[in-house]
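Please put together the full structure from these sequences, using the hints given.
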Amino acid sequence: MAKKALEGVRVIEFGLYIALPLATRMLAALGAEVIKVETLTSLDMSWYGPMYAPGCLQLEYRPLKRNVTLDVRQPRGKEIMEELIKKSDVYMTNLGEGALAKYGLPFKHVQSLKKDLIVLWQTGLGSVGPYGGFKAYGRLMQHACAISTMGGTPDNLGVANISYSDYHTSMFNALAVIGALERRRRTGEGCFIECPIYESGVVTVGPAFLDYQANKVVPERRQNRHRYFAPHGAYPCQGTDRWCTIAVTNEEEWKAFCKVIGNPVWTKSPKFATAPDRVKNAKELDSQISKWTSKQDAYDVMKKMQKVGVPAGIVSKGEDLDKSEHLKSHEFYYETEYYSADFEKPGMEWPVAGTTVTWKEPVYLSDTPCGFGPMHKVGQDNDYVYGELLGMSQAEIKKLTEESVFK
Amino acid sequence: VEPPCGDKTRLRGPFFKNEVHPEKSLFFLYFNTSKGSITLDIEDPAGKEIFKKLVKASDVVVESFPVGYLASLGLDYPRLKKINPRLVMASITPYGQKGPLSGYKAEDINIFAMSGYMQLVGEPDQAPLVLGGEQTFYPGSQYAAVGTMAALFYRDGVSKKGQYVDVSMQEAMISYWQEQTPVPMWQKTQENNTRVGAMDAMVTPCGLYPCKDGWISLCVVTPQEWDTLSKWIYEVTGNAEVLKDEYKGGLISRMPVRDMVNVLVMEFTDKLTGREIFLEGQKRKVVVMPVNDVPSLVNDTQLNSRNFWVTLDHPVVGKLKYPKGALYSDAIGAPTKAAPLLGEDNERIYCGELKYSKEDLAILRTTGVI
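As you go down the protein sequences, you meet chains A and B in turn. For the first sequence, the numbering used here gives the first residue as 283, with consecutive numbering after it. For the second sequence, the numbering used here gives the first residue as 249, with consecutive numbering after it.
Derived by calculation from the structure, the hints in this document are not laboratory data. Even glycine gets a Cβ: it sits at the ideal position worked out from N, Cα and C. Please note that the accuracy of each hint is not assured.
Quick partial rundown of chain B residues pointing at chain A, CB under 7 Å, derived from the structure [said to hold, decoys possible]:
hint: 1; residue: Ile357
hint: 2; residue: Trp425
hint: 3; residue: Pro432
What follows is the structure, given as structure tokens:
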């Protein structure tokens, strides 16, 4: 088996939702030993999604991680958490300051447990400041981070049914941790890092920040039209809800584009002669193009455009990603089992609900390729972590399980 | 490393005071803080040799040329690795280095579409929409940064050798909407995710709601959050309907009564300003977010309180505020300088590091190599 980049690094994940578990999914794929600490005493609602196959959503967050059950609200549970942290290189959490204090695990204390510990705290709107401690869900961050005001139509904000900046946060989390590990290797020092979901999304506003300061320009919601290029949009194709995007960015591409659609007379109109003309008359341009695309297959439009060097791509649906020969050539998806939650029973007794596909981390490292594999059951690694790692006897593990410390 | 005429994005808008000028592209300025700049024509035989010398003295090469371009110049990873075995090289391209689409051209909107993210943006029965701000740039660059950092950690700690990092922007973007499980859904139901507008398709209430002075966004996930919100709604509207048991519960339990719940919430949000709902909601531990625009973020009290905005002085455009970055730590620095002028580090790098004389530099300049 190929070596992994983060082999020998141990990470404690103490948190929930999307951004934190996604960061550790990446670290686990890079070879870190990630131990997810959770408790069945408080329900993780995400086990019930998606509605068509409850449990399969967990494959987005859990592959390759070790999993232990631990109730840190019990005094013995808290002590065991401390032992675990002492044996680890990195401790990552997205719990609130109040909850952590209540558990007896405030950051000052956690940092005192191990001299060179790397601590990453993922927050919502930040730990301090006027919004310090405010809670945030990624789904709403596209609004707080202004992204939804920069796209869409004049009447409607451009909203994605997705936990927007949770994803950016996850990669900043991962980057910060690996950077801190490299720093620790060089200096011997640990560190404390805070990564708010808010700032993680705010940075993706991009050059518009400078445009506002320099020119007082506020981004217009111009549907799919581009400020400098035309044609630029998603054009309707044959079939139901089928679209192909086309982006013409220079004169060479415009000429090639016109040729593909058969050089109709309207393309010779002075209204479309230069890029500024086309941008000014984009609405008419788009409606002319739509007349042509709506009689075409979306894939055909894409292929014809690409053949002559015009940037184009279909609006993929799940079925297109599933069938994509390109993604297959990268072996981007793999098949594995998932489980059905039954909070009345120990995680190890939850039944296999089925198999489905999940994605591999989209970073191809030539010498230390990212790993992929099954998700562990809740509590699957109790014996390894408490027995091998912390040196507890089987009798002790059994006792703590019965006392619901390991629940 | 820029071609002698400058990086392409130097001529990409928006521009400072709308003046088209290679030192005034706000696009270039945003993405190139804290960097130096040298000019080099890597297509010129002498330029190629100089590039190899640079590679020998470097830890990382990051590139985003069309697939095959650097190989055509003899500057691909297998060859650069021979010059410097410790080199880590990362390539960020629309579809990655291999596979049937690797030669496809793509702008932001095309990658956004091909990733499937676009299928989820917009109103039902209307065209799919691209998000503002060319969002496909960010996931690919984040994965490349993570991969590069991991490769450096492995090099320095274990192998003493570099490796190649290949990132497909399409796949990076696909992973940024995985919570909707598009492929499992298709395989298990023969259905596809689609646009649902400003309201979440599963969680209720969750989405955008009209308020007295615009819009406010909120999302209720736990049963406790609903209990708190419903009591608050009752306080404001006096409508006891909202307290009914049939609306209680977590995440997806209000799905069957979605429309009614949204009506009850709108009756409430309509009576208050966005700021009132945001601040009071957060006080009561309900997750409420304001709908910010670009000007409000530049002046945001939270961001200001954390010194998120760093003022950097640029010789041509002067002082502007740039984001510090998403991470707060004593171990992480802030941007040190505004984006470089074209070739501002030529002398420092060519003479200082690569030991060319000033006369050599003049020759390289005259012959168009730099």
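Original post:
How about Trp425(B): closest beta carbon in chain A under 7 Å, or not?
Top reply: holds (5 Å)
Original post:
Quick one, is the Ile357(B) hint okay against chain A at 7 Å, beta carbons?
Top reply: Cβ of Ile357(B) sits 5 Å from chain A, so the hint holds.
Subject >> Minimum beta-carbon distance criterion (7 Å), Pro432(B) to chain A >> reply: holds (4 Å)
Of the numbered hints listed earlier, not one is contradicted by the structure.
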